[in-house]
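J.: Following the hints, position chains F, H, X and W with the ligands against chain G.
Protein chains in written order, with the working numbering: chain G, 1 to 327; chain F, 328 to 674; chain H, 675 to 980; chain X, 981 to 1475; chain W, 1476 to 1794.
Take these hints with a grain of salt, some might be off.
Unchecked claim - Only pairs whose alpha carbons sit at most 25 Å apart, straight line, appear in this in silico DSS-like list of lysine-lysine:
no. : chain 1 : residue 1 : chain 2 : residue 2
1   : F       : K439      : H       : K868
2   : X       : K1187     : G       : K189
3   : X       : K1047     : X       : K1173
4   : F       : K459      : F       : K481
5   : W       : K1621     : F       : K620
6   : W       : K1742     : F       : K586
7   : X       : K1076     : X       : K1098
8   : H       : K680      : H       : K695
9   : X       : K1217     : X       : K1453
10  : H       : K868      : F       : K456
11  : H       : K836      : X       : K1350
12  : X       : K1096     : X       : K1421
13  : W       : K1543     : G       : K224
For the record, the hints were derived by calculation from the structure and aren't laboratory data.
Below, each chain spelled out in residue letters.
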Amino acid sequence: MFAFIIRRTTQAIFVMLVISMIGFAIKNKIGDPVRDMVGERVTPAERAEIREQLGLNDPFTKQYVRFLKNAAHGDLGLSFFYKKPALEVIIAKAPATMELVFGAGLIIVLVSLPLGVYTALRPRSFLSRFTMGFSTLGVSMPVFLTAIMLIYIFGVQLHWLPSYGRGETVDLFGNGWWQSGFFTLDGLKHLILPCVSLASIMLPLFIRLIRSEMMEVLETEYIKFAWAKGLPPMRIWMVHAFKNTLLPVVTVFGVQIGIMFAFTILTETVFQWQGMGYMFLEAVERSDISLLITYLIVVGSIFVIVNTVVDILYGLINPTVRIAGRK
Amino acid sequence: MPYDIEAMNNNTPILTIKNVVKHFDISGGLLDQLKLKNGRIVREKTTVKAVNDVSLTINKGETLSVVGESGCGKSTLARVVMGLYPPNAGEIYYKGDRIDHLTHKEMLPFRKKMQMIFQDPYASLNPRKTVKQTLEEPLRFHNPKMSRTAIHDKIISVMKQVGVDPAWSSRYPHEFSGGQRQRISIARALILDPDLIVADEPVSALDVSIQAQILNLLMDAGRERGLTYLFITHDLSVVEHISSRVAVMYLGTLCELAKTEDLFATPAHPYTRALLSAIPRVGETKPKNIKLKGEVPTPVNLPTGCVFHGRCVYANERCINEVPKRTLLDNGTLVACHAVEENRDMD
Amino acid sequence: MKNSIKRFKESYLFYSFKRDKIAMASFGILVIFLLLSLAAPLISPYNPYDATTTDIMNSEIPPVFMDEGTSEFLLGTDNMGRDLLSTMFYGLRISVLIGLGAVFLQATIGILVGLTAGYMGGKVDAVLMRIADIQFSFPYLMVAIFISAIFQLMFGIGSFEKLAVPLLVVIIGLAEWPVYARTIRASVMGEKNKEYVEAARVIGLSQPVIMFRHVLPNTLTSVMVISTIQVANAVMSEAALSFLGLGMPVTMPSLGSLIKSGFEYIFSGIWWITIFPGIFLILFVLVINLLGDWLRDVLNPKLYKG
Amino acid sequence: AKTLKVGLDADPVSLDIHVQLSGGMLQLSHWSFDPLVRWTQEMKFEPRLATKWERMDDLTMRFYLRKGVKFHSGNPFTAKDVKWTFDRMRTSVDYKGLIEPFVGIDIVDDYTIDIKTKKPYALLLNMATYFFPMDSAFYTGTDENGQPKDAIVKIGPSFALNHMSGTGPYVVTSREHGVKVVFDRFKDYWDTKSPGNVDQIILTPIKEDATRVAALLSGDVDFISPVPPQDFKRIDKDSHVKLVTINGGRIISFQMNSDRRPEFKDVRVRQAMVYAVNNAGIVKKLMKGTATVAGQQGPEGYAGYKASLKPRYDLKKAKALMKEAGFAKGFECTMIAPNNRYVKDEKIAEAVVQMLAKINIKVNLKTMPKAQYWDEFDAKVADIQMLGWHSDTEDSGNFSEFLIMCPNKETGHGQYNSGMYCNKTVDELTLAAQSETDLAKRASMLQEIEQILYDDAAFMPLHWQNLSYAGKKNVEIAPVINSMNFPYFGDIVVK
Amino acid sequence: MSHLLEVQDLKVKFALRFGDLTAIDGISFTLDKGERLGIVGESGAGKSVTGFAIINLLSKPGFIAEGKVLFKGQDLSTLPGREMRKIRGNRISMIFQDPMMTLNPVFTIGTQMVETLKAHRNITTQEAEKIALEKLRKVHIPSPEKRLAQYPHEFSGGMRQRIIIAISLLNDPAIIIADEPTTALDVTIQAEIMDLLQELCQEEEMGLILITHDLGVVSQVTEKIAVMYAGKIIETGDTQTVVTDPSHPYTRGLIKSLPGALKTGEKLYQIPGMMPNLTAIPPGCAFNPRCNLKDEICLKEVPLLKRTEKGIMAACHMI
Ligand SMILES: Nc1ncnc2c1ncn2[C@@H]1O[C@H](COP(=O)(O)OP(=O)(O)OP(=O)(O)O)[C@@H](O)[C@H]1O
Ligand SMILES: Nc1ncnc2c1ncn2[C@@H]1O[C@H](COP(=O)(O)OP(=O)(O)OP(=O)(O)O)[C@@H](O)[C@H]1O
Ligand SMILES: [Mg+2]
Ligand SMILES: [Mg+2]
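Bound conformation, chain G alone (with noise of 0.2 Å):
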């Protein structure tokens, strides 16, 4: 455990380091953010005081020195479009992004768990073969072109959905911080379209992974005993092979859960989702190449800590990696 959260860690702040020198490197090859902050009479001359001013006419190293010491202080720098501290930026942003994620997850669990379950059970049936059937579509389409269709369908002919933004939210913590809109039924109804076009790159993935890890733990001596020990149905289908069939299942979820704020720059586009994705798109648009950094260096984060809660997560339900020392 303690060796775990140390290789975290470390790992953490490689990707951070990696992450950071890449947005350093490539910031000047973006555009120049001055040109968005101003208009379009100032001339080079004033330009190039604001850049003075800015720090960023400085070599790359002094530039990113700087950076990192500021970085240690937790100080990502300014956003130049919010103008405001980058992290304060993308921490606003943050509750939209998660929720989207959390929805779309929710989404994906709810649904894959029983197909995938069912299908593993009764690969012969209708059902089953439609749901396979309608995952490899579902694989098959690209996530613009499903948000677009539901857009089109449910927002634009039928008016059922919001097509677009996050609708009403109502405050969390009652400091401003999370804005959810899991609380009111506007905010419900605007989550709906997108959190099902997310949903919809992974959850052919995870119908299709559940299936077949059941459809191999079926295939195991345990359960072939279990049934020898005369159980009934559900309790091996529902228990032990189950059980069994979640652990891969989590760490794979894990790992597309982190793939899944990548996706979100897609899903967000299309449905205007303020969230990070969305700034992220538009912070490069603008050059905001603070936002920029500090975002990559947030997801990154994120990846590695799901990661982490996952691992843990794996090592709660596997009985057989709680020893430690062993990988």
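T.: Quick look at chains F, H, X and W with the ligands alone, frame taken from chain G:
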């Protein structure tokens, strides 16, 4: 071969294993080794002590069998001998040349002379290579100048010898049965005309009726080519049948080394006794096995003193504290046991 | 040669292929798609990448079966006046090119890394896999932006059109190699402990020879299976990048950029610019996926599905 | 109480109106502040905080200020606020160029000021539309961080970033940048005659065109702008919403860099290119008619507009000119254009590439987001570069000064002239027109410039973008819009 | 007199893609209370399938095509699933080959024992645990109270196999089917387990079907033997008679080929060839290609089990 009395007596060691130790570090990277103990960080390595201070000599023409329970280090020893694992300590000599510290290049001439046969007939052949390719590779590698026809002829002759129809040379392993595959493995080992063959449980995975075929083949080849075998197995009846001498291992240590007849007639070490008594024999109704006590310890946490003390009914204080030395008995048997040395009553 | 054809015909692969209607149909469609992409310049009525033959005045003509459609443009035209059918063929060509190219690159890097990591183990493995992890935690968009920036710096703006395809190949290739590295590593770890590898070491073969001639061929089944899926993914990634405006230049639209430019129009009733390429793309990816599924079922049902 | 939900492509970047000179900030200025004077739809001046003005001499104009006006903070509005604001503009990088012709403001009494210029200046009133008096008392002192409250900070927190006090119709009550701004009607707003009846405006930035339209159609918002041309038909068809457009002054053009590409030095090649571009086609097909085909810099209504300078699309003539110039076989060149700056910018560039291909000029086009574009534009990385320009002063001279005059780093003239066009006569005329106060004479000078540029094919004019708005049927959009794209929400009526 | 278990003409097939594969081709045997039957044969002979067919637990494409499995007169082969479940793990228990794979790694031993009891009896967890402890003691697991809360990976192979035996004993079954219970274990441990099984059978009067390929084990543990070859029983009878004086050429060959019987280094007796693939069983006697006694008739007619003068049954034309 063993039954070749002359060869047995001539006693030229072809292979000498001296105090070989092989430990595997399974503690992973530095970070895995760190542990929090009583609020302090300590570095702790976890090692599997697979082979501990084993010494043996194998004489030319004999078949030396190594037996022991699963995990006692038989395969590890074989692999150390073959240069697949570098030993942590100790030396290995092939006909007087030390071979355990050689570079890949320096080792090549010895590779030709020492070959290995493996246990699993399904995993020991590359599934993507035809029989011909499998047999050709070592030949070509060690004899780059050999002509195509010479290679071809050699392959045919070896295939004939192991009893695989040469017409099948362009087939893939999955088209053969387990026994046939094991024949091909043997052919691959024989094709370089080695002097020493290390066979790691070559018949354990085979059915009785096939096992006999393979054992016959090995014995015939040995006789015809004057091979020396280091034969690893856990099947004592096979050991009894084919070997001239037997080494019994327990938890990485050698506990008894004796001529086959002596070992089976008068096993000295308590572990050997238990082992022998446990083999079920056809026609015996009542098993009369000597019961061992306790649980098999792991090679990670080796017991102190005699590694067998935890399961030995004759163990006393000394066995717990002191590692027994090898004692040479009258009949030439080497045994590492305090009880034997002290002549404790063991019946 | 004859022998290997015969062997193939007798193989389990071919046997199961003959029995699987879906696999056969998918294969048929895939072949058609590949032929279309190969022959795009020959069979397309127009060359959509040639600015001289397109005319903005022809833009947004609906497909022939609609009232305002003309038989000149069977599936209508896009917003720039390009013949949609021809553009789809050319776009497909690009998708295929990028899909195959990117997968080739991914596979090369991934196999090298996976093989080295898996075979060497220990520190090398730890370092390489950590790199793969880090790479994996990057959204490929980031990789795209990064590499675009470097390319531009190196080659300037003028050659952008010529560079777009190699650029995308590199982007998608670099973004997804960890998938290969992991799969190969897992297979190698499984293979390297098999006794045939030890047998090769006993013969005295050197490490690279063992790695490439013995271990690698035995991991190729999994490479084949994930490759189909990775081609599908690469095609989708290209579409996604083009959708975000980071892909093919506007003058050389791929299926993704077509869908993107159509997206702006879909609400105004000009559905064909999105729908036709969309269906085309989905169908293409779908048949690859179906074949991939089938391959996985046949070759390696236990292959990791992540 | 009426609420108007507005969906725009962007929201104001700050509450400090001097932090940046941009359309978005000026819109905000009009919603929460009032200028001294403002443009009407007919391009006339309408008194706002200045009720009257008179020219004292060549260099001075006297403004009489409105009495009884209150700032949002409750402070009364007086002459000192105007002067304070002007002085603040001086410290703004964005504004200081704009007010460069001015000497300063003299306070005559609490409600009278004199504005002085360095030279005779014809566009003084035009410039007065940029003077949005700020609450000097409110912005004086230091904030909790010890920073002066009037500091103009481009990056990072400042008092004015999050606080404002103007005289305008709306007070910002909440703002989450990039997400939402809420404006509440200012209770003590001086303009009691204004028909405006909206109590609250909720502004949501919706960047994606299609989404913005979808939001209007699904009823999530009441008002959107801009409206993408391809959706005009659909909005027209929908019975709940309506579309309003108005001619705008932004010229979309391409500059041909004759320094980079010697072929462009030949006037016949430039002319051929202008002849080859079917700008009417672009307007019809891409802009769906929501633009005015251009043959010169300034649109109709501007002083320099010359009716005879018609757009000239003639492919035959273009080919002939190319042949004459010896380039019948054509040549290859590069082009860059932004892809998120002007309406359909990317598509327009693509269309122009198509059209130039017809006279065998093969163009390699690269488009990019505006954040990257301007650097590339300045670096003149491509042979042909797109530029859209709206005159700050609603006057033709501004175009020439920035886009056509010989580039000169010191004076800042020709700052956006990436075509490197350089013509002494044009330069002289432009400068002369700046200080010519006789409007008729000035107009003829400006027209002469247009004629020269036309003959020289100094740049490739495409069209003037129209402005487009759409809203629910009950929102009276038409009366409050103008060609500057400053919808006067203070006066908007929702039935 | 009715037998505890009577298998009559059992035929098991696997429905494969290219047609049905007959894995067991009409075997019959009986088992009485307290009797110990050994089933031996080469790999693929159909030993395990026989075991699974008895408890009607054939894996997927397998099914009982013909024949009956009478347990106390009740035909198990046609019993509905619900009824069959009442018998499995209750009246008939099965022990599998690999103790490492047989226990579910994610549940404690206690859970896995208690659930078995609860599935068949209406008892509380406490009561179930008490029974579990008692059985663990019976199989000589030291300090069983602590062990209940442990997971399978915390036990050694031998211990696990003993736990599995304890599980199969939980409901005091009438029959235990042990499918190669010691193949994965070392000889010393094998001996212990075999002792244990034998002891239990004698104490509890349980019937034991011991499936193995080790003739030595069979001859030590069982009283009755059935030798299988390519899906058929080719010789069956009293264990000692069969192993010391086999009748069928295959059994004879098998016993002769054991290394233990000969002098060191002597050439072993070998049966040529190998057991045919079940898809390509030669006509007539399945053993004919390997047989040194074969005659015309062996190539044509399938031999039936006949009682020999030694009192055992053998299926060979030549006897
Ligand atoms: N490469 C390795 N890394 C770590 N531990 C190893 C390695 N190889 C062997 N061991 C350990 O060393 C010990 C001895 O193993 P070895 O394979 O030599 O036993 P064995 O006697 O051949 O057993 P078996 O009869 O099961 O083949 C075992 O505990 C094993 O887990
Ligand atoms: N699930 C299955 N699908 C198809 N065929 C099967 C299946 N299970 C068993 N068989 C067939 O049934 C035959 C008998 O198998 P069985 O497992 O009973 O052999 P065995 O005698 O137990 O061998 P071993 O000693 O290897 O365990 C095999 O030849 C195999 O081909
Ligand atoms: Mg071994
Ligand atoms: Mg079996």
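J.: Next, verify each hint and record whether it holds.
T.: Against the structure, the hints:
1. K439(F) x K868(H): holds (21 Å)
2. K1187(X) x K189(G): holds (21 Å)
3. K1047(X) x K1173(X): With Cα atoms ~15 Å apart, K1047(X) and K1173(X) stay inside 25 Å; holds.
4. K459(F) x K481(F): Judged against 25 Å, a Cα distance of about 11 Å means the pair holds.
5. K1621(W) x K620(F): holds (20 Å)
6. K1742(W) x K586(F): holds (20 Å)
7. K1076(X) x K1098(X): holds (14 Å)
8. K680(H) x K695(H): The hint holds at about 22 Å.
9. K1217(X) x K1453(X): holds (12 Å)
10. K868(H) x K456(F): holds (15 Å)
11. K836(H) x K1350(X): Status holds; Cα separation ~23 Å.
12. K1096(X) x K1421(X): Distance ~23 Å between K1096(X) and K1421(X) Cα, so the pair holds.
13. K1543(W) x K224(G): Given pair K1543(W), K224(G) holds - Cα atoms ~22 Å apart, limit 25 Å.
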